[in-house]
Amino acid sequence: MTTTPSTTSKAVPDEQFDDLTQQRQAVLMGMWIFLATELMLFGGIFTAFTVYRFAYPDVFAEAATHLDLKLGTLNTVLLVTSSLFMALAERAVNAERRRLTLTFLLVTISIGVIFLGIKGYEWHHEYTEKLMPILGLEFIYPGANPDRAEMFFNFYYVLTGLHAVHMSMGLVMLTVLVVFTMRWRDPPRLGRQIQINGLYWAFVDVVWVFIFTTQYLLRA
Amino acid sequence: MKDVRAPILAWGAYLVVLGASVAATLLAPGLMGHIFSLLCAAILASLILMFFMGLRAADNLLRVFALAGLMWLTIMVSLTMMDYISRDINECPNAQADDVAINTQECPLDSARSSDKS
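Chains S and W, in that order, give the protein sequences. Each residue of the first sequence is one higher than the one before, counting from 1 in this note's numbering. Each residue of the second sequence is one higher than the one before, counting from 1 in this note's numbering.
Bound-form chain W, shown alone (with noise of 0.2 Å):
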């Protein structure tokens, strides 16, 4: 058989990036650890795209096809959350006194709702 070092390497890349992974979750929990797991998702997936799938291997065609997914994918995250990022939502105007009494952290999606029956 050709070519069976290459997955079984990527195999054992992915576990220990993974490992890397659950190991910040659990000593480093916070932003940093939830960047980092994040990090190490982009490079777990990549590893299975490039070796598993066949992108490494793959026409430049293919690899367009491949990119424009995940292009598509990035589009409709960006214009969503820019919306959200964009304006302060933790405010809550017309968030009902009980809701405040009940939700003490923060109603950003509750002043959404409220925005939207106005």
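Just chain S, with the same shape it has in the complex (with noise of 0.2 Å):
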């Protein structure tokens, strides 16, 4: 792999700083600080879930044989495999090795991009099922308690959709990164960004795992 040097200095933190390692345990706490916010975002959706799950076990349960859990399983091992890239971008980056950073980051897009793909599909298979009680769409539910089986589906889809729209956040940071990488203009900063945006990726993936667990894995 090729490295590119730097046209910056690396040993000069920002001017509000003392030095680069204040710099990054500012950087890293601030962005722990907005993952606790987004903590809470998820918390109040999964609390309430939880409340609902606790009062109608039974229909909540049976409602969740209706997922895809196949497909609900390839996107959860999709998503963690994105985490793994990601991880390995920021140690390539620390390495500076441009060629090698570049390339993990668009195979964790890639792997982004396969996931909203695969979860647009599932979205589109409970559409034509009938099993999207959102926007005004008609709900038949081919069991018993319909009502309260909506009242699942309201949960899966506001926690999905919800999730769907943090990756897309997610990927379109990763575009950035991807062109800051190839201009590679100052690797030390490049290695804080691309740490952070991890954190807001892996924090991402650990949302999933509760979205899988409580709406695929939970089922009668």
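By construction, these hints were calculated from the structure, which means they are not laboratory data. Check the hints yourself; a few may be wrong.
According to the in silico footprint, chain W covers these stretches of chain S (three or more CB under 8 Å from chain W) [what the hints assert, rightly or not]:
#, region
1, 81-94
2, 201-208
If we take Cβ atoms under 7 Å as the criterion, some of the chain S residues that face chain W in the derived model are [as the list claims (entries may be wrong)]:
#, residue
3, Leu28
4, Trp32
5, Leu39
6, Gly43
7, Thr47
8, Thr50
9, Val51
10, Phe54
11, Thr73
12, Thr76
13, Thr213
14, Leu217
15, Leu218
16, Ala220
Glycine included, every Cβ here is placed at the ideal spot set by N, Cα and C.
Assembly of the complex is requested from the two constituent chains, each provided in isolation within its own frame, with the hints serving as guidance.
This is the structure in structure tokens:
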């Protein structure tokens, strides 16, 4: 792998910081605080889901059987694989290996796009099965207690939809990082940018773990 | 590149735990399978937090912030659920006769709504 030398000084922190260590700690701290607010956003929905899951255990467990477990599992594997490549990209940029960093970022983006494609296919399948009680669409549930099953599918679409929005935002940020990596102007700065974006991407993965478990796995 | 082995091993462990969780759902559906799946989810999340989000090598202050987020989430879920667990939500004293006829299993949140109206 070829390494392009940095065109800027590697050892100078931004003016408001004493040194690079302090700057990196501040960057990480800021990102973790942001992720805590994201946790509260998803946490509120998960709390509401927990209440209804506790109230209607049989109906929710039966409704979950209408989701595609194979595709859900495949998406879970894909997402953690993308997180792995993101972690490898972080290590590659710290080793100042430009081409390898670029490759890992592109693989991460590709897997993320495939994830969203599979999710879109799932949504379309559920739409054709008339199991999409959103935007005034017809909801025909082939089981008992359709009104309560509708509640399950409302949670399913809110959670997976919000997660897909976060995935899309992550993909936009990763695309920007690809451009930055191609320019390769300031590798230490790029390393910090890739690190905090990696935190966001992995957080999206953590959220998906609980979406997958609560929506797909807690079934009858 | 430094420390490539750890995330790859974590990825492998993740797949093993995920496989166990899915297998439990297929082979042992029901309460025990659900509890096992939730435990597996906690392990999967921990693997990501430790190895992909760097908590394994983070300083203590960062770990405190990460734990604080988890703590607030725990408080929110536990205080909310305390209400529903501490009373018998399967009773529907104020439910309409039609509701009972249609919904033959239970009507916990229906009764909560009826109480709010009265």
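Results for each hint:
1. Coverage of a stretch by a chain is defined here by at least three residues with a beta carbon nearer than 8 Å to that chain's beta carbons; for the region 81-94 of chain S and chain W the count is 9, and the condition holds.
2. Closer than 8 Å: that is the beta-carbon criterion, and the region 201-208 of chain S has 4 residues meeting it against chain W, so the requirement of 3 holds.
3. Given hint, S:Leu28 at the interface with chain W, holds; its Cβ is 6 Å from that chain's nearest Cβ, closer than 7 Å.
4. At about 5 Å, the closest approach between the beta carbon of S:Trp32 and any beta carbon in chain W falls short of 7 Å, and the interface hint on this residue holds.
5. Because the closest C-beta pair between S:Leu39 and chain W is about 5 Å apart, less than 7 Å, the hint holds.
6. Checking S:Gly43 against chain W by beta carbon gives a least distance of about 4 Å; that is within 7 Å, so the hint holds.
7. With 7 Å as the threshold, the beta carbon of S:Thr47 comes within range of chain W, its nearest partner Cβ sitting at about 5 Å, so the hint holds.
8. Taking 7 Å as the C-beta cut-off, the interface hint given for S:Thr50 holds, the closest approach to chain W being about 6 Å.
9. Hint on S:Val51 holds. Least Cβ distance to chain W is approximately 6 Å, under the 7 Å limit.
10. Contact between S:Phe54 and chain W, as hinted, is supported at the beta carbon level, the nearest pair being about 6 Å apart and thus within 7 Å.
11. For the restraint placing S:Thr73 at the interface with chain W, the shortest Cβ-Cβ distance is roughly 5 Å, inside the 7 Å limit, so the hint holds.
12. Below 7 Å, beta-carbon pairs count as interface contacts, and S:Thr76 has one with chain W at about 6 Å; its hint therefore holds.
13. For S:Thr213, the interface hint holds, the least distance from its beta-carbon to any beta-carbon of chain W being 4 Å, beneath 7 Å.
14. Using the Cβ-Cβ criterion of 7 Å, the hint placing S:Leu217 at the interface with chain W is satisfied: the shortest such distance is roughly 4 Å.
15. Below 7 Å, beta-carbon pairs count as interface contacts, and S:Leu218 has one with chain W at about 5 Å; its hint therefore holds.
16. At its closest, the beta carbon of S:Ala220 sits 6 Å from a beta carbon of chain W; the interface hint therefore holds under the 7 Å criterion.
The structure shown violates none of the earlier numbered hints.
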